[in-house]
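One point on numbering: in this note's numbering, the residue at position 37 of the sequence shown is 578, and numbering is uninterrupted.
Please note that a few of the clues may not be correct.
Said to hold, decoys possible - Between beta-carbon pairs, the in silico distance windows are: (1) LYS658 to CYS734: 30 to 38 Å; (2) LEU788 to ASN683: 25 to 33 Å; (3) ASP711 to LYS660: 35 to 43 Å.
Stated by the list, open to error - Quick list of in silico lysine-lysine cross-link-like pairs, DSS-like style, CA-CA up to 25 Å: (4) LYS714 to LYS608; (5) LYS608 to LYS658; (6) LYS658 to LYS549; (7) LYS678 to LYS569; (8) LYS597 to LYS714; (9) LYS660 to LYS708; (10) LYS678 to LYS608; (11) LYS710 to LYS656; (12) LYS596 to LYS678; (13) LYS597 to LYS710; (14) LYS549 to LYS714; (15) LYS658 to LYS708; (16) LYS608 to LYS596; (17) LYS714 to LYS656; (18) LYS678 to LYS549.
Honestly, the hints are just simulated from the structure, not real lab data.
Even glycine gets a Cβ: it sits at the ideal position worked out from N, Cα and C.
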Amino acid sequence: MQLTSPQKGLVFMLISTTMFALVNTFVKFLNHIPAHELIFFRSIISLTLCIITIKKMGLSIWGNNRKWLVIRGFAGVTALTLFFITLQNISLANAVSIQYLSPLFTAILAIFLLKEKVKPAQWVYFAMAILGVVIIKGFDKNLSWFYLGLGVLSSIFAGLAYNAVRKCKDTDKPVQVVLYFPLIATPIMAVWCLFDWVQPHGWDWLFLLIIGAGTQVAQIYMTKALHSDETSKVTPVKYIGAIYAILIGYFVFDERLLLLNIVGIFIIVAAVLLNSGVHKIRRRVN
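All chains should be built: construct the whole structure from the sequences, respecting the hints.
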């Protein structure tokens with residue numbers, strides 16, 4: 542069955558979300574290694590894979606829409622650094638749930654940067670998702686306001702990065718867009734590592750390789766998703782990652798949840814499903 546462009550966008554974002562869940566799991570395993578060092582190793586692997594792919598495709602390494610490629614790179618690096626810090630200091634479920642506020646900021650920024658329209662009902666569903674995150678936070682006394690703030694700030698920068706990706710939709714290939722993350726992250730994190738370095742040992746090296754390769758796949762499919770349909774339509778699928786985080790946190794890291802935490806997660810899932818319903822109705826009407 543041939544998928545339509547909107548359907549491809551949803552499938553691509555689901556693949557990306559699944560791969561990011563895998564990456565987050567190994568980042569949590571490596572909580573003894575600083576976030577900037579993880580990003581450095583991740584960037585080295587991603588940079589190598591991107592350059593090889595770009596050379597094979599005969600594309601320009603520097604891309605075309607360089608202004609927005611650079612913005613995408615800096616915003617993405619900032620967002621990921623803040624997210625890794627929160628991920629290593631609070632529960633997996635809480636870190637991911639807070640980070641998934643990014644579709645809200647993506648939609649808000651898209652109004653100004655991409656001139657996209659958001660249906661009134663979608664704001665209600667976004668508010669529902671936020672309510673779900675607030676419930677999760679409100680009943681976790683171990684979640685500090687400091688790391689909550691870092692998580693929200695990470696989401697804002699992620700929203701900016703997603704819109705920058707959309708700005709490059711018609712000018713650059715997904716791999717060129719992805720390249721600008723490691724291109725900017727590698728030198729910044731290399732300097733940071735000079736002042737704060739923890740030597741990896743044993744299985745750490747395999748986990749670092751998985752983080753780098755897994756992120757490359759996740760970034761490519763996320764970019765394809767954002768190139769396939771409007772930002773506000775595909776990014777809410779990322780909320781499914783909160784469900785992954787709950788399951789992985791419980792079965793892998795023995796993170797126990799209260800009933801109200803689970804209620805918060807179900808509210809987020811309901812918001813995602815309702816938001817998807819808006820798009821189906823819109824396509825039928827049109």
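Here is what the structure says about each hint:
1. Look at LYS658 against CYS734: about 44 Å separates their beta carbons, and that is not inside 30 to 38 Å.
2. For the pair LEU788 and ASN683, the supplied restraint of 25 to 33 Å is violated, since their beta-carbon distance comes to about 20 Å.
3. For ASP711 paired with LYS660, a C-beta distance near 24 Å fails the hint of 35 to 43 Å.
4. Annotation: proposed proximity of LYS714 to LYS608 holds, straight-line Cα distance about 15 Å (limit 25 Å).
5. The suggested pairing of LYS608 with LYS658 holds, with an alpha-carbon distance near 24 Å, which does not exceed 25 Å.
6. Among the hinted pairs, LYS658 with LYS549 is consistent with the structure: their alpha-carbon atoms are about 21 Å apart, no more than 25 Å.
7. A threshold of 25 Å between alpha carbons decides the hint, and for LYS678 with LYS569 the separation of about 19 Å falls inside it, so the pair holds.
8. Of the pairs offered as hints, the one joining LYS597 and LYS714 holds, with about 13 Å between alpha carbons and a cut-off of 25 Å not exceeded.
9. The suggested pairing of LYS660 with LYS708 holds, with an alpha-carbon distance near 21 Å, which does not exceed 25 Å.
10. Of the supplied pair hints, the one linking LYS678 and LYS608 is violated, its CA atoms being roughly 37 Å apart against a limit of 25 Å.
11. For the hint linking LYS710 to LYS656, the alpha-carbon distance of about 14 Å falls within 25 Å, and the restraint holds.
12. In summary, the hint linking LYS596 to LYS678 is not supported, as the alpha carbons are separated by about 46 Å, beyond the 25 Å threshold.
13. A C-alpha spacing of about 21 Å is found between LYS597 and LYS710, which places the hinted pair at or below 25 Å, so the restraint holds.
14. Distance check on the hinted pair: LYS549 and LYS714 sit about 16 Å apart at the alpha-carbon level, within 25 Å; holds.
15. Under the criterion of a C-alpha separation no larger than 25 Å, the hint pairing LYS658 with LYS708 is consistent with the structure, at around 16 Å.
16. Of the supplied pair hints, the one linking LYS608 and LYS596 holds, its CA atoms being roughly 22 Å apart against a limit of 25 Å.
17. With a C-alpha separation of about 22 Å, the suggested pairing of LYS714 with LYS656 holds against the 25 Å cut-off.
18. Pair hint LYS678 plus LYS549 does not hold up; C-alpha atoms about 33 Å apart against a cutoff of 25 Å.
In this structure, the earlier hints numbered 1, 2, 3, 10, 12 and 18 are contradicted, and the remaining ones agree with it.
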